[in-house]
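Chemist: Sequence:
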Amino acid sequence: MPPAPSSPPSLWQAIVDFDGTISREDTTDRVLERFAAPGWEAIEAEWHAGLIGSRACMARQVDLLRVSPDALDTFAATLEIDRGFPEFVRLCGRHAIPLTIVSDGLDRTIRTVMARAGLGPIPVVANELRWMGGDRWRLLSPHAATGGACASGTCKCRVAAQLARPLNLLVGDGRSDFCIAGEADLVFAKASLVAHCVQAGIPHHPIADFADASAHLEAVLAGATLPAAPRQREDKING
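Note that my numbering has the sequence shown beginning at 1, numbered continuously upward.
Be a bit skeptical, because a hint or two may be false.
Ranges of calculated distance between the beta carbons of each label pair, as one might list FRET restraints [said to hold, decoys possible]:
#	residue 1	residue 2	range
1	131	78	31 to 39 Å
2	128	218	31 to 39 Å
3	124	195	23 to 31 Å
4	38	138	45 to 53 Å
Bear in mind the hints are in silico, worked out from the structure with no lab data behind them. C-beta atoms are modelled at their ideal positions from N, C-alpha and C, and glycine is treated no differently.
Please take these sequences and the hints and turn them into a complete structure.
Modeler: Have a look at this one:
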């Protein structure tokens, strides 16, 4: 049977997407719109058409960036996060639930946005945006899946396994969350992740923002009855 909603918080970890979930917009798209040379949208169209994976897409797009580090950081610092996210972070902290930002986006942008939010050190697992000097950049994906099993730059299933908590709470909104949604014990979903969960038969809780996510998590921790998790989890609690 699935884990009881009131399972001790110490068993849980929160894996939270960034672009469109924590951030109010897709920050990678905003950076590309502002600083990429022509051609990045055609590459994006290839990804939407399923011709390339997100890792190949972003690597080619990052090659088109023309921006100094200072200008990039100044721009990133203007990007906003969901107003309810700070309370969600505090809620996790009060219940000793480790929270990790796991994103298929750009680490430098994420860290700059989070530094401005002033929420303290939150672990970030994402693609590395490496400065190559001048206004040139390169994308590295140290958290990609091995063996070509996943076309994302950051394989969230791999990251979750490495974090090694028994129970996973996912908060996400898009394609990079599809795989891990089927593995997570509890899913708070936005945007296209909702449609994917419905189509795939994955139990989930639709949210509009982190105010909803906090309310759902409070209910879980209080022992509210929730739909069954997508697969057998008793072994994770007892083993």
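Chemist: Take the hints in turn and mark each one as holding or not.
Modeler: Hint check results:
1. 131 with 78: 31 to 39 Å: violated (20 Å)
2. 128 with 218: 31 to 39 Å: At roughly 35 Å between Cβ atoms, residue 218 and residue 128 fall inside 31 to 39 Å, so the hint holds.
3. 124 with 195: 23 to 31 Å: holds (27 Å)
4. 38 with 138: 45 to 53 Å: With a Cβ separation near 19 Å, residue 38 and residue 138 fall outside 45 to 53 Å, so the hint is violated.
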